[in-house]
Amino acid sequence: MTDKNRDIRDDEFRVIGRSPQHETSTEDVRRRNTGVSIISAIIVLAIGILAIVMWPKDAPEDPNDGVFENAPEVVTPGAIVRLGVETDASFTEKLDTVINDVHLSLYIPHNAKPELTLGVPDRNDKNIILAAQAADIRRDNQKILGAFVLKGEPLAWGLSKKGFCAIIEDKVTVGVSENSPLFEEATEKGGYFFRQYPLVDNGVLVENEQKNKTMRKALCSRAGQIFVAVSETDESMHDFAQALVDLGVENAIYLVGSHSSFGWYIDSAGEKTLFAPDVHRGTYRNENYIVWR
Amino acid sequence: MNKVIVISKGTELLRIPAHRLVYISADGNYSEVVTQDNRKRIVSYQLGQIEDMIGDQLGDDGSNFIRLGRGLIINLDFVYWVDVAKQALILSDCAGCYHELTASREVLIKLKAYLDAIVRND
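In order, the protein sequence lines correspond to chains G and E. Those letters in the first sequence? Residues 628 to 920, by the working numbering. Those letters in the second sequence? Residues -17 to 104, by the working numbering.
Treat the hints as calculated values from the structure; they're not laboratory data. Treat the hints with care, as some may be off.
Chain G is faced by these chain E residues, among others (derived, beta-carbon under 8 angstroms) [to be verified]: (1) I36; (2) S45; (3) I48; (4) I55; (5) D59; (6) W63; (7) L83; (8) S86; (9) V89; (10) K92; (11) L93; (12) K94.
Quick reminder that beta carbons are idealized off the backbone N, C-alpha and C, glycines included.
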């Protein structure tokens, strides 16, 4: 019982009583049925004896391991693999997962081009496979919060939020920077740009001031993929961002979330589903969206 | 599988025939042990510690128990329904024992593949 906190991720599966290398394959089952476990036991015993001989006699105890609280669990990230399916069809794939008790839905657009729109997109446009609110707007004058470029035309220049998303020649870049040259590049190349709260910067959680809990939404980049992540339960900004970090997200910025935010996705069957109930609310001239079509 | 799992700490001891243990779920620094008679008991061990106990005490028979992510250890004999799309896992003995659980989609895909492989190789 020396290994009390053996690492395991929420997406991992482990047969108890055997070494972790022998996981989840049909080969495991064959070995189980053919008695190879005896050989495995001998190997494990030999390794055990070797470990006892080699183990430092005065190994210091973990100073963080207390009586009432265990030492922090050290999570070793697994290999980052692309999420979702390979397909030639144009639709949004929805994946559900649970990371650190945070229920996440991941919306992965397949074979569609991203862009920003000003105003609520046409909800009857079946070419739009994914739509989510992007930059926030100011409560006092309804102007867009933070720098914003629409098809090469700069509409706002604010720097209140350090996270940014640039869409240039159909390529989405998510990052954190006060002065991103991508703003200028977006204006020069007819691209798009908006700012939002940063959540993850190069795999590191970015703290934000908002402490309340609500439905959270983010634009994420991970292993070369861009997708939208939504919390299925009310979460603090911190817990949401931590779940994204643990998911292996490299960069993420917030998207207008909460239960009143509007948006939808179209799945592989062509069914349209709203992110949140279509509550009656006012629309704003500068309400803006990131859409894939 | 007629072995017994003993979970002992301080002045308390829990002793369960392994084939009557349905599942164990994580509850912070504690774990909830659920047996075939639908009784639930909290023990002051983390799930990883219980996993080690099962491995130590059952040896090869421990391979009937599966760790699913951070939150669950299940007894394969009670797996009744796996629905990856709905992230549903039902453990039942098709008599009086019935428990509906949830797990991540990824881990249920692996569980289903493992059970499919067992059927193919039996």
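- Can we keep the I48/E interface hint, with Cβ of chain G closer than 8 angstroms? Cβ of I48/E sits 6 angstroms from chain G, so the hint holds.
- Message: Holds or violated: the hint that L83/E contacts chain G, with Cβ atoms closer than 8 angstroms.
- Response: 12 angstroms, violated
- Message: Given L93/E as an interface hint, is its Cβ closer than 8 angstroms to any Cβ of chain G?
- Response: 6 angstroms, holds
- With 8 angstroms as the cut and Cβ atoms as the points, is I55/E at the interface with chain G? 7 angstroms, holds
- Item | Status of the D59/E interface restraint (C-beta, 8 angstroms, chain G) | Nearest chain G Cβ about 14 angstroms off; hint violated.
- Task: Under 8 angstroms, Cβ to Cβ, is where S45/E needs to be relative to chain G, so tell me if that hint holds or is violated.
- Result: 5 angstroms, holds
- Query: When the nearest CB of chain G is found for S86/E, is that gap smaller than 8 angstroms?
  - Reply: The hint holds - S86/E has a Cβ within 8 angstroms of chain G, the shortest such distance being about 5 angstroms.
- Message: Hint validation: W63/E versus chain G, beta carbon distance must be below 8 angstroms. Holds or violated?
- Response: 17 angstroms, violated
- Hint check: is the beta carbon of K92/E less than 8 angstroms from a beta carbon of chain G? 4 angstroms, holds
- Query: Hey, does the V89/E contact hint survive, CB to chain G under 8 angstroms?
  - Reply: 5 angstroms, holds
- Taking the least C-beta to C-beta distance, is I36/E closer than 8 angstroms to chain G? 5 angstroms, holds
- Report holds or violated for the interface hint on K94/E, using the least CB-CB distance to chain G and a cut-off of 8 angstroms. 10 angstroms, violated
Going down the numbered hints, you'll see the structure goes against 5, 6, 7 and 12, while the others check out.
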